[in-house]
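Put the two chains together into one complex; each comes in its own frame, and the hints tell you how they fit.
Protein sequence lines correspond, in order, to chains A and W. With the numbering used here, letter number 218 in the first sequence gets 218, and the count goes up by one each step, no holes. One rule links them: number in the numbering used here = place in the second sequence (from 1) + 1000.
No lab work stands behind these hints: they were computed from the structure. Every residue gets a Cβ at the ideal spot worked out from N, C-alpha and C, and that includes glycine. Some hints could be false.
[Said to hold, decoys possible] Reference excerpt, derived from the structure (chain W facing chain A, CB under 8 Å, subset only):
id, residue
1, SER1055
2, SER1162
3, VAL1193
4, GLU1246
5, ALA1263
6, ARG1277
7, VAL1279
[What the hints assert, rightly or not] Stretch-level coverage of chain W by chain A, calculated; a stretch enters the list once three of its residues show a Cβ under 8 Å from a Cβ in chain A:
id, region
8, 1200 to 1211
9, 1216 to 1226
10, 1248 to 1260
11, 1280 to 1294
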Amino acid sequence: MGEEKKTLLEVKDLRVSFFVDGSEIKSVGGVSYQVREQEIIAIVGESGCGKSVTQMSTLQLIPSPPGRILGGEILFEGKNLLSFKPESREMRRIRGKKISMIFQEPMTSLNPVFTIGNQISEVIRLHKGVNRREAWEEGTKALEAVGIPDPAARMKNYPFEMSGGMRQRVLIAIAVACGSRLIIADEPTTALDVTTQAQVMELLVRLVREKGTSLIVVTHNLGLVARYADRIYVMYAGRVVESGCTKDLLKHPSHPYTKGLLGSVPRLDGDRNQELIPIRGVPPKLDGLTDRCAFLPRCPYPCEACKNRPYPGLRPAGENHMTACYVDIQGGDYDE
Amino acid sequence: MMNERQDPLLKVSHLRMHFPMIKGLIPKACAYVKAVEDVSFEIEKGKTLGLVGESGCGKTTIGKCILRVHEATSGTVLFHGQNILDMSRKEHRQVRRKIQMIFQDPYGSLDPRQTAFDIVREMYVADGATHSREEAAKRVNELMTLVGRPPELGSRYPHEMSGGQRQRLGIARALACSPELLICDEPVSALDVSIQAQVINLFKRLQRELSLSYLFIAHDLVVVRHIADQIIVMYLGHIVEVAEAEELCRKPYHPYTQALLSAIPGVDYDAERARERIVLEGEVPSPTKAPSGCPFHPRCPYASEACQRKMPKMKQVKPGHQVACYRVDWERKCD
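In isolation and in its complexed conformation, chain W is listed as follows (with noise of 0.2 Å):
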């Protein structure tokens, strides 16, 4: 699929998430949520994958999957070649905390009760082996001052705190275990806008100095495109368009990756005046009642008979980008 110089730090395979909706007085599932259908990706180490959706397309719950918060209903997923979703409970919380996760609410994550220091130390000493205090001390100081964080806040209550500084702590939080892969749900949508570009540079300026990998879940493109090299866009559970940053950003070849991008309102006064938008019909079905063949086929302005039977497979369009429409072949012969 990709070019394999080099081993990548997580593989997902033909993943599926089925959530069965219960009912009745014998439980018995009489239908299925197809949250996330038969999704593949590899995140290499140091880089940043973005995965990018509208809600309800199955970005988080492949999120959890990855950290088995949800037990995948097949498919897999290899951290350093190992499958994740077959091992044992005692093998996998090893695993566990080389993978850690960022979440949208900052507030919401943390335990009201601890000071920011404890939440942090926690996350440090719960690895089993045994640390002095000074040594917890100076590790969660060094893990504050990481993420800019003055340690001498370290007393302090998350209610005590700016939505910026929680986001901060749920990254130290994170980092106490030394993690290799940071998956991070929407981790500065919640933010204010002068304070999200604090966050955006944190993280980048940890993957460059921790070597972290990052799977970055955000519906807002404009920002992903700005820290993810790579970005899947994702509809009702299935994955519509993989490319490079740069490349999505720059040539969309999927109808709901073009819709997408014109949505988002820019702050170039010439650019957002001239610009033709592509304003969608209707909004993204309940992935109880997805529609047949290409989810998206009821929206799309360009959809045809085929569209409605059959998922049309990825197709490759360039090096590193590709498409599952079928209307991919037509436009590349207008290129």
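This is chain A alone, in the form it adopts within the complex (with noise of 0.2 Å):
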């Protein structure tokens, strides 16, 4: 599918610490991944577990301190993003240009003394470098490509006058109106209503396809991302446990945490008699994490290896798939 591709973003070994009170939280510890050009991605874990840090770390939006970026490379277009201090002129240029962010509070991610209109054409007026008219035409444009109703009139809205979808709408206009070669949607469809959802993701991955934009969706729901990923990194405790094409890595869950996530939502079509198999226990604390497997303790398959030898880190599972996991357990029963 990709094969031929261009690499657009090359995340290597990321690793972030928060320091608070004087322990070290490790948010995230040591994740790699990679982006080729029109591709989407998604990067799926439960809450906690250092995908969004991650995320922020590539804009440099941590904040430091408590937050500190501790090592590990970022390379978009051949440059190593985190060579450029946060608050450098070349990181300011490459944030809303070069790759913008879908946060997802719509409420919070929109200044609310500011009429839309505002803030959209102010992202286009410092990006494209075109007068106040020029950005405001822009700005009606770009929200009647995002489906908003009578956009000239919604220009001079403010946040609070629209609903939750349309704010949703209106952050992907702007991530979209400077023609951004990566969008990263942090959990874009969360705190909407489930008719919406659908109406937002669609018209999401419906503009990036268009515009020939790289995806990087964020969520908890591996079923939002089953219909439109093209790759998926499973994200546990600061690591990334497993990565693989969407198909694959769906049909032939390797990790046990990917096993377990899949097997512990309910289907339409399961049986309702029978019961889900929840993943035993809860997730880690990352002050405390050592250098054994961080889902050990919650592993229904721990074998010698794991207790004995660090984190096995990503290793071949299948075709353009890794599991960082000893033990294999594809085709294997889960019975806990």
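Structural data, given as structure tokens:
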């Protein structure tokens, strides 16, 4: 599929920690992934697994202190973004122009005291160097492109005058207005209603496909990405535990955590009388991580290697499919 | 309406809840938000009724009307044959112990200054009878064990617990006064996926062991299908479809239910990629500006003139499966 496509973003061994009250919270502990051109990838994980922090690091939006990027490289168009200072001119040119971000909370990521038009045209003016009137016109077109009815009138609205779905559309309009090469959508639909979720996802994916942009969707919902993503990275406790193309990963999950996630969601065609298979225990605290596999305390297949040897790191589990587990449980029954 | 084998535990008839919008120096209701319009349903003992809909459809309001957190505008709520809405405060206080609520945000509904033990104990001893210290402690520990919380953790405060633990505590508290009906308002939607399954299983186990009845309010149709026996789909205060859980998901008749089902993402790769998705136009209108006739008609792909004029009545398509849509007869012919 994307074999000949060029790599747009490559993150190598990114490590981010937060230092709070004298303890180190290892939010991201050595994450590597890549996004090719025109590719849609998904980063899936539960709250606190470091999926959002990873994305914030790409744009250097980590509040520091307490956060600190301890190591790794983020290569975008051949340049290491981490070699730039967060407030440098280079970074500012990248944010919003080359890489845009859509946040989960559409209310808090729009400024309540400025009109929608003001906020869209500001971005366009900054990055495209056009004058106010041109920027306003382009902004109106951008609103039209995301399916907001009566865009000219809507430009004069304030965020509070719009519904959640509308606001999320505005954010998408802002993100695509400057022709970004990569859009990072952090839980773009979590705050929305189910039917609105479907609308927003379809819209986002359609725009991305039309413009040939790459997209990273960060989400906790495996189902949301099954339909759209080309590849999936599953994160657990600050590390990628499994990666692969969507089809392979969903059909033949290899890491016990991925298996557990898939087994714990109820299905529309499932047997109602059968109990769900939850993952036992709770996610680990990130300030006490050892070099062992973080999933070990919850794993239904612990083996000697897991207890005695450090975290295995990603290893091939098939074609374009990597997993960080000593135990090969492919095809194994999940009967805990 | 439904088969009358057994007296239902809870019978809600023609429940209406209109919230006045008050304006002006001399407070006066200038308009009404019709949050719940003519809703009727029954819950049998040991059964689960699922209430599904998007935000603003009135599902939470129904729960609150049953508990009399809101005083309903009209209608009756019969619990064991007695109308809760007519009761005096004193009578109601006794009944209220039998109907408990579990909230979406377990953190916001737990007192941050009380330990887990005190939170549950307070509820247990609030029945007016005398309890010795030992007896109360024994009962609280029993409850904790029942919901899968180690009793040793009783001295913890809510902020020291994870989301799943807090929700378990919320359930233990609700169980402390031996209720017969639990109103669960989005009890798992704030939890992580791996924890969600644990709590859903807990709900099912408790129902088996204590023969509890649930009114399970949620927006996630898949979760509700897994736990509920019967499902009601609501849209803007109206019931649009009622059916047995599996029947509803297999053969939805109402266009809204169809869209809702098709919007739910699944994890089955082949099914997901092959599926035609019904993406609705527009958004749920605000209940202050509810459209005339069938509330769904502005977004409905099949809306006709009749839909704009009058809300269609509930029609039975199969025993136990009712739909409020003019198109039903036509759809049935196609089957």
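Verification of the hints:
1. Interface hint at SER1055 of chain W: satisfied, since its Cβ lies 6 Å from the closest Cβ of chain A, which is below the 8 Å cut-off.
2. With 8 Å as the threshold, the beta carbon of SER1162 of chain W comes within range of chain A, its nearest partner Cβ sitting at about 5 Å, so the hint holds.
3. At about 6 Å, the closest approach between the beta carbon of VAL1193 of chain W and any beta carbon in chain A falls short of 8 Å, and the interface hint on this residue holds.
4. Taking 8 Å as the C-beta contact cut-off toward chain A, the hint placing GLU1246 of chain W at the interface holds, the least distance being around 7 Å.
5. For ALA1263 of chain W, the interface hint holds, the least distance from its beta-carbon to any beta-carbon of chain A being 4 Å, beneath 8 Å.
6. The restraint placing ARG1277 of chain W at the interface with chain A holds, with a minimum CB-CB distance near 6 Å, inside the 8 Å limit.
7. With a least beta-carbon distance of about 5 Å to chain A, the hint placing VAL1279 of chain W at the interface is held under the 8 Å criterion.
8. Counting residues of the region 1200 to 1211 of chain W whose CB lies closer than 8 Å to any CB of chain A gives 3, which reaches the minimum of 3, so the coverage claim holds.
9. For the region 1216 to 1226 of chain W, the assignment as covered by chain A holds, since 7 residues bring a beta-carbon within under 8 Å of that chain's beta-carbons and 3 suffice.
10. Under a criterion of three residues with beta carbons nearer than 8 Å to beta carbons of chain A, the stated coverage of the region 1248 to 1260 of chain W is upheld, 3 such residues being counted.
11. Look at the region 1280 to 1294 of chain W against chain A: 3 of its residues bring a Cβ nearer than 8 Å to a Cβ of that chain, three or more, so the hint holds.
In this structure, every one of the numbered hints holds.
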